[in-house]
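> Listed below, chain by chain, are the residues.
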Amino acid sequence: MNDQNIDFSMVLASAVHDMKNSLGMLLNSLDELRSEHEASLGESSRFNTLQYEAERMHNDLVQLLGIYRLGENNLSAHIEEHFVPDFLTEHLARHTPLLQGLGIEVSVEAEDINGFFDEDLLTGVLNNTINNAIRYTQSKIRLTAGERDGCLVIGVEDDGKGYPDSMQHTGTLNFKSLDFKSGSTSLGLFFASSVAKLHSEGNRTGSIKLHNGGSLGGGVFEIWLP
Amino acid sequence: MTDSKADFNPFGKLTYLVIDDFENFRLSMRQMLRSCGADKIELVAHANQAIQYCTYNHVDVVLCDFNLGEGKNGQHILEELRHKKLLKRSSLFLMVTAETSKEMVMGAREYQPDAYLTKPINRAVLEKRLGALISQRNILLPINREIDRENYPEAISLCIQALPRQPRYKTWLMKTLGDLYFQLGDLAHALKIYDDVLTQRELSWAKLGRCKVLLAKRSLDEAVDGLRDLLTKHPDYMEAYDLLAEGLERQGRPTQAQQVLEKAAEHSPNALLRQKHLAELAGSNQDMDTASDAWRRTVELGTHSIHDNSEHYLSLGQTLSDLSEGDLEEDGAEKAKEALAVLKRMEKRFEGEEGISLRSRIVQCRVYAGQGQDQQATRILESIRPELQDTAALDAKTGLDYAKTLFRLGHESDAKQLLGEMSERFSDDPETLQKIESLLDEPVGFRQKIKARTLNRDGIRAFESGNLQEAAETFSKALEIVPDHAALNLNLVQVLMKEHDNNPGNTELLKRCQSCLDRLAGLPEQHRQHRRYIALQRKLKGLMQ
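Protein chains in written order, with my numbering: chain A, -17 to 208; chain B, 71 to 615.
In short, the hints are calculated from the structure, not lab data. Errors might be hidden in some of the hints.
[As the list claims (entries may be wrong)] Pairs of lysine-lysine, DSS-like flavour, derived with a Cα cap of 27 Å:
hint	chain 1	residue 1	chain 2	residue 2
1	B	Lys581	B	Lys568
2	B	Lys158	B	Lys189
3	B	Lys611	B	Lys581
4	B	Lys414	B	Lys333
5	B	Lys486	B	Lys505
6	B	Lys240	B	Lys198
7	A	Lys179	B	Lys303
8	B	Lys110	B	Lys198
9	A	Lys122	B	Lys198
10	B	Lys287	B	Lys303
11	B	Lys158	B	Lys287
12	B	Lys198	A	Lys2
13	A	Lys2	B	Lys158
14	B	Lys505	B	Lys467
15	B	Lys519	A	Lys179
Pulled out of the complex, with its shape left as it was, chain B reads as follows (with noise of 0.2 Å):
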């Protein structure tokens, strides 16, 4: 026999944990729990009391406060929970705010609470709506436990037999088996789900589901304009900005990625992977200032929340180190002070981790370097050095940074052998390749860099317009900047060959492309140029004849 009276009060089974940092508010809120039948109540003013008592024992429902004074708020210890494992799908986490949008609680971009209970919160209020949450709990159950099993097969299974049964339950049925499909890979299905919502009605939750889809399906022009349309309609709908951005920089318009994501900073400040993405996509734009302040603010919003890491200061530390290259004025003097300062806070916060002195000097030594005080660098150097001997253990991330810091301090020769053994070892690694090429091309300071592509695409705008001789000098300009750029090299070795058919007399356009080549010589046969090196050193070999 079950016990009937356990059966009527579906509050009494569960376990509770209230999380709020004023005494009066915990405690009316176990009174209110208890009025309504809750048993099992746990009281904690801070999150990581509340931490720690989810690593040791279960809770079904959690209340938390999101403004919890100083330290971490709600949403880091919602992030933190879901992150580590530590609540199953089949609890719940009820956010309790004083704010009556969610802009404030929104910051989100991974981990959303099952609700939002608005203060000024009533006993009645709590009884009605937590009942109604627990009560879909339960009959919800059996298909989050499949999820929170991985058994993906049998959760949509379940879900396809609750629709007709459970209309209340509709919204959460469909968007559940959406979100499945799409984990399983299975497009086809999930598209089908997101279409069928949106055959009865425009739901903003359907359309963004559906242009997620078209983005793993790869039709990006669709899923990039339904997600404009999609934004026109909801600028406020931040997850719509993350897919946008990333279905841009798949079109490859990473400049209108980056703004993208700038505007959905603007929205909603606070989400520390939105700032990361942010931040990565401004610096290979070459928009170094947008990078660095978009490290800072994830390095801040990092102080609390579980995504923290010590990756997020190096690359601001590096993004300020190129800032402040070469700019002996007050605004680069400051800049390198702060990277030094990030760095050293770094170190202190990620103490024991294996390298983390090792990566800061990297950096440090370039700082200095780029603040012309090269006694204080090649001090730096020498003491890195003897650690970085065995180059064959190095990671990606270490040995690229190490290798700019070595052309950085005049030692071109050194770092080109690092890349060369590093291209060769990771030779099944497209994205470090791809590193390696750039760094290899462009040694060089940011502002550079850009000086040099922006005369690189003048050039090619030369040459397509038929001006052989504008190409060429261009060509030749950008080569001042960046000699050993191989796209540039061939690029020029192209017009002056053009430039040899119309005047077949000029041996002098054939030396000119033969030096060119020459400083390809020790171009890694997995430089995506190589295969164009070798058809045109061949063809001048024909020429030369």
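Looking at chain A on its own, in the form it has when it is part of the complex (with noise of 0.2 Å):
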């Protein structure tokens, strides 16, 4: 008999979580380390690598999360009504030491409306969708929001090279297309794309857009929420 009936899933979920919220203070103290010492270590690229990774992990364990409370049926969106260009600029504020320190430009271009959405799980979209923009970029990227078809529209811009063919496409995703022997799981864009799912109203859902162009020419991120 197995007495050692161990729910794995719940094991590693607690371990992440104490994982997340080490990186937390990590990330803190690098803030402060950056503030501390603007003169020598705003350009200095391994400081930026370091604390881009770290944001990196920080957000694949969020993100992980998520995905876990998505299993145990424990995540559902809750909306609210907000005011979009308040929101971007706000989320954009956690980025603005490193993509200070990378020399990387930023604008948001969001129209003057208010939107419905669960603020907390869409910045976890944000988080990792402008972590990903700033990895690829060359040097810009661009926040944009607006209504199109009675959705609401928020897109991340950037001028890199744009997304491969394979991962352009329209729609949501569903865990089986997860690829884990490639090097990218594509495990944002799964939490992206359940997270716009989980947002509905009436018989229409929420779901994510990978193209390329876009005002700056490179990738164009979009979730369409409705």
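Assembly of the complex is requested from the two constituent chains, each provided in isolation within its own frame, with the hints serving as guidance.
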């Protein structure tokens, strides 16, 4: 008989939780270090890498926890009405030190509209997307928001090479489409797509779109929320 | 002339309190606040210092870490500050947490912070986030000031004026409007606010608000259906569980209500008031195991909470006493021991409270009696009797508990006399009256109570299906357990009278009726069964002539 009835996913989830909090502390210290030693660290590429990679791990862990809760059927969207430009600029603040360190130019172009969404879930999606953009951009990132076909569309554009053909698509992803063999698991996209799906209104549900072009000519990520 | 610099720097005018147990974090927070333009910043490490500071100083913005190590956490501080009204509505309370999900913090039932700040926090985040909250505060200040003054009509008209001008704060304004109308008892307008929101969009807060109004309007079915629907979509919406339980209780479905609260407590086990509600409900459902678990949790959660109360300890002691009564096995002895330990802890913790030792000894006495330690029980009873001489001065809770102990130790006539006096004294307090009745009806342990209640239900079923003999037998069996139960005696009388209709020659039946009614000779006039008792007595007289 097996007395050690270990719920492994539960164990993993608590470990992930712990790691995420540790990374949070680490990131805090990095921010402090940067502001204390602005002159010497400002453009240090090694310091930027340190911060970027820590951010990336933190995001991954946040998403893992989100997906865990999704699997437990314990994740629901608490949709409220938000003023979109405020949401985007407040969100961007988190990335400011790193963006400045890397010399990446950021702009926000949002219509003065209210949108309906779960603030926490969307924060998770944007963190990941912006981090991705930081990785692939040359020098510019642009956040956009507007209303199209009765949906709130939030976009993240960069001036990098854009998404490879295999990744460009429209709609929602399912768990089976994750490829754990290739380097990129698209976990972030799966999370984004799941969050989009949690946003529904009437018989319409949210979705994500990936394509290339946009005003900067690189990759364009869009989340469409009804 | 106004100082133009102060106008430009919204941070500068306000006073701040930073609460964090890590010195590094306190200092870095101060550093960040200063670089945003803040000036009046106080740093403290622990809850008590924070509460002390807020007692004597006005604070506009509190930045509080949720996890403060041993002792009180951020939620305890928030509850205490708001409960003692040390923090105005116009002040901001920001909870700083390492959690991305609100769940860990969400234990709260009544008080919520104005915002959560998730670590890591850098200067840019703080400036944007806090800046936005401060400008919201400044714009909404006139409204909050009226709410602080409890001038709700004025607050409502300010909200209505602000709606077209401040689309950015529409959600806040609509939420506040719904709440204010509700507080004023203007349910029609409250409902209209929520319906207006819902025609535009299915928002869960508006659905919750709507159900709350429906409950207040006594549209119980609609409210319960709405809340069930809300919970299928949002199984983590704690307030909806609380309201649903309330609705089910008022529909007369206490068992379902209990299940709902059990589920809520599973999701979020740290809300003291919810655990307390669950404990009370389970207790009245005679589910003593659940009740004792929930009381135990309530007591635990009280350690650092403003809601801590000696009644929780007493209730835990009473429930454990009920569970251990007559159970001389290991389990019963264990529970009895725990009951005594809890009471001792209570006496120490609430030392200065009037009558605390007396309340404790009333329960202790039952615990010993329930474990067959009669000498000990009698000794305690003798020690408390002199203090309880003046029965007219007893409050309802003490009186009821004392009567229960008197019953348990075999002093039935004393118990009945006390309860008789009390039912006169509390004749305009229906809740206490009902408790007096239940105790008079069923002065036995909860296991026997359950047995008698089940028999009563079976008897009623037999009567309804026309099986008079079985009904009479079943009621008689129940009466062997609780001979003075008013409704049961009257049920039996009715069955016997009906049988007498079919069998008019059998005078034995009428004699049995008479002896049932004789049992109820001392029934207080306030008892809900009193009118039925008088009516049946009159009818029996007619039949006997």
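> Please flag the earlier hints that this structure goes against, numbers listed from lowest up.
4, 11, 13, 15
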